[in-house]
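K.L.:
Sequence:
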Amino acid sequence: MSWEDYLAKIYYDPVNAGSFSGPEKLYRYVRKAGKYVLSKYKIRKWLQRQEAYSLQRGVRRRFKTNKVITLGIDDQWDVDLMDMSKFSKENSGFSFILVVIDIFSKFLWMRPLKDKKGQSVTAAFPNILQEVRHPSRLRSDKGQEFRSKAFNALLKEQTIEHVYAQSTEIKANYAERVIKTMKTKLYRYITYKQSHCYVDKLQDFVKNYNATYHRTIGMAPVKETKADETNLWWRMYWPKKTPVKVKTKSVRKPFKLKIGDHVRISHLRNIFTREYDEKWSGESFLVSERRLRGGIPIYRLKDYLNEDIKGTFYQPELQKVELRESDVFKVDKILKTKGRGRNKQYFVKWCSLELGNQRYIEVDTVMDKNEDLHYHIGGNIRSDNPYVDIRKYWKPENEMNLVTTKKGYVFGQLNM
1 MSWEDYLAKI YYDPVNAGSF SGPEKLYRYV RKAGKYVLSK YKIRKWLQRQ EAYSLQRGVR
61 RRFKTNKVIT LGIDDQWDVD LMDMSKFSKE NSGFSFILVV IDIFSKFLWM RPLKDKKGQS
121 VTAAFPNILQ EVRHPSRLRS DKGQEFRSKA FNALLKEQTI EHVYAQSTEI KANYAERVIK
181 TMKTKLYRYI TYKQSHCYVD KLQDFVKNYN ATYHRTIGMA PVKETKADET NLWWRMYWPK
241 KTPVKVKTKS VRKPFKLKIG DHVRISHLRN IFTREYDEKW SGESFLVSER RLRGGIPIYR
301 LKDYLNEDIK GTFYQPELQK VELRESDVFK VDKILKTKGR GRNKQYFVKW CSLELGNQRY
361 IEVDTVMDKN EDLHYHIGGN IRSDNPYVDI RKYWKPENEM NLVTTKKGYV FGQLNM
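Sequential numbering from 1 applies to the sequence shown in full-length UniProt numbering.
Hints are not guaranteed to be accurate.
Now the in silico label distances, taken between C-beta atoms and shown as ranges [what the hints assert, rightly or not]:
#	residue 1	residue 2	range
1	A8	G295	18 to 28 Å
2	G311	C197	34 to 44 Å
3	C197	E157	29 to 39 Å
4	S2	R235	23 to 33 Å
5	K256	T181	25 to 35 Å
6	Y6	K142	42 to 52 Å
7	A8	I69	46 to 56 Å
8	S2	V246	20 to 30 Å
9	R235	Y164	23 to 33 Å
10	K223	S288	27 to 37 Å
11	P254	E161	19 to 29 Å
12	K256	D200	38 to 48 Å
13	T181	A52	17 to 27 Å
14	K142	G311	41 to 51 Å
Because the hints were derived from the structure by calculation, they are not lab data.
The structure displayed is predicted, hence computed values, not measured ones.
Positions of the beta carbon are idealized from the N, C-alpha and C atoms, including for glycine.
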């Protein structure tokens with residue numbers, strides 16, 4: 001039996017410990033068996049010829065790539081679409097945002113679109129060109145909206161060379177990076193306002209971005225001029241000498257959280273990440289215990305009913321938060337009611353509270369479910385007594401904070 005046949009016999013038999021594995025495990029198995037003396041290099045080359053191995057090999061997603069080197073301001077722009085379709089109803093039907101960024105100056109433009117058709121992109125792009133800026137080249141991915149005849153005819157008319165990003169992974173990476181930044185800002189705004197309406201503030205976010213210091217260029221994009229091009233080009237593209245840092249041993253404190261700290265739990269425990277949406281639980285918990293396990297800090301948590309949360313948590317899975325009496329908790333649904341008049345109570349489900357989150361609350365006025373309403377709730381909704389009288393605390397918020405809600409949904413503010 002040749003060594004190739006021997007490897008195949010081992011590799012394709014699930015009974016063997018080295019089967020369907022990588023080169024390291026297969027090498028250890030062969031060395032332990034002692035029938036053939038094979039180097040790691042030889043085993044790796046054999047595996048590279050095996051379709052079952054090469055097709056299922058892990059893909060490295062993060063790796064160093066070459067910079068896109070441009071000649072100066074407006075030499076090349078990146079363009080892409082930001083998907084905000086989940087909030088279209090609250091934003092006059094606008095589902096996407098056309099995102100354009102000058103690669104050299106980092107200057108940003110954004111225009112809301114109702115769809116991602118080529119006609120919509122073509123109609124919005126001239127509005128950006130009216131701002132006296134004009135690129136030599138425009139880079140996009142191969143999406144149908146950028147490949148449309150109308151869009152390419154517009155670019156040809158404006159003498160703009162259209163360049164397609166060849167990589168399906170990297171695409172127009174400068175536009176994608178600024179999309180991540182701006183989407184995070186918009187989601188934070190949405191969370192703060194407790195409203196999905198953002199389109200009326202979109203240009204404020206753009207102006208803020210362009211007026212903010214950018215580390216790469218050493219200034220705000222809006223301040224960059226043609227006179228700065230030469231110095232900035234050398235700053236951005238000439239290799240920098242980085243001083244060698246002498247590593248010194250520092251004693252790190254193992255625990256970053258104290259018992260009694262308020263924390264949120266990362267949704268990343270569920271493996272699949274939510275890049276822009278809330279990455280942390282709406283409900284906060286209390287650190288009840290901490291200890292080292294195998295030299296790694298772990299924590300146990302309790303909720304506000306003093307009930308233990310199952311399992312232990314690592315430090316990176318927890319985020320310390322500071323809670324104030326004015327912290328907002330949103331009511332998800334009114335599930336049922338009981339009582340009449342001043343004694344009427346609403347059995348509500350809170351959006352942010354995952355555990356034990358259904359309670360009766362009292363109000364002094366019978367409220368129409370279609371009304372937009374904020375209200376204060378005095379006391380601790382997490383107390384053992386689920387009947388919390390809010391009659392003397394109730395008052396409407398100012399009109400700016402009111403939001404459109406679906407039937408049967410209201411919003412509330414909970415004083416912890």
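K.L.:
Indicate whether the distance between the beta carbons of A8 and I69 respects the range 46 to 56 Å.
P.N.:
48 Å, holds
K.L.:
If I claimed the Cβ atoms of K142 and G311 lie 41 to 51 Å apart, would that claim hold in this structure?
P.N.:
For G311 against K142, whose Cβ atoms are near 44 Å apart, the range 41 to 51 Å holds.
K.L.:
Range first: 20 to 30 Å. Now tell me if the beta carbons of S2 and V246 are that far apart.
P.N.:
54 Å, violated
K.L.:
Is the gap between the beta carbons of K256 and D200 within 38 to 48 Å?
P.N.:
40 Å, holds
K.L.:
Please test the hint of 25 to 35 Å on the beta carbon pair from K256 and T181.
P.N.:
26 Å, holds
K.L.:
The hint says 23 to 33 Å between R235 and Y164; measuring C-beta to C-beta, is that right?
P.N.:
29 Å, holds
K.L.:
Take a look at whether the Cβ-Cβ distance between C197 and E157 falls inside 29 to 39 Å.
P.N.:
Holds - the Cβ-Cβ distance for C197 and E157, about 36 Å, lies within 29 to 39 Å.
K.L.:
Take the C-beta atom of T181 and the C-beta atom of A52, compute their distance, and say whether it sits inside 17 to 27 Å.
P.N.:
Given a distance of about 41 Å, which is not inside 17 to 27 Å, the answer is violated.
K.L.:
Range hint 23 to 33 Å: satisfied by the CB atoms of S2 and R235?
P.N.:
59 Å, violated
K.L.:
Go ahead and decide if the range 18 to 28 Å is satisfied by the Cβ distance of A8 to G295.
P.N.:
Given about 42 Å between the Cβ atoms, the range is violated.
K.L.:
Starting from the hint 34 to 44 Å, judge whether the C-beta atoms of G311 and C197 obey it.
P.N.:
38 Å, holds
K.L.:
Are Y6 and K142 spaced within 42 to 52 Å by their CB atoms?
P.N.:
Check passed, 46 Å falls within 42 to 52 Å.
In summary, the numbered hints that this structure violates are 1, 4, 8, 10, 11, 13.
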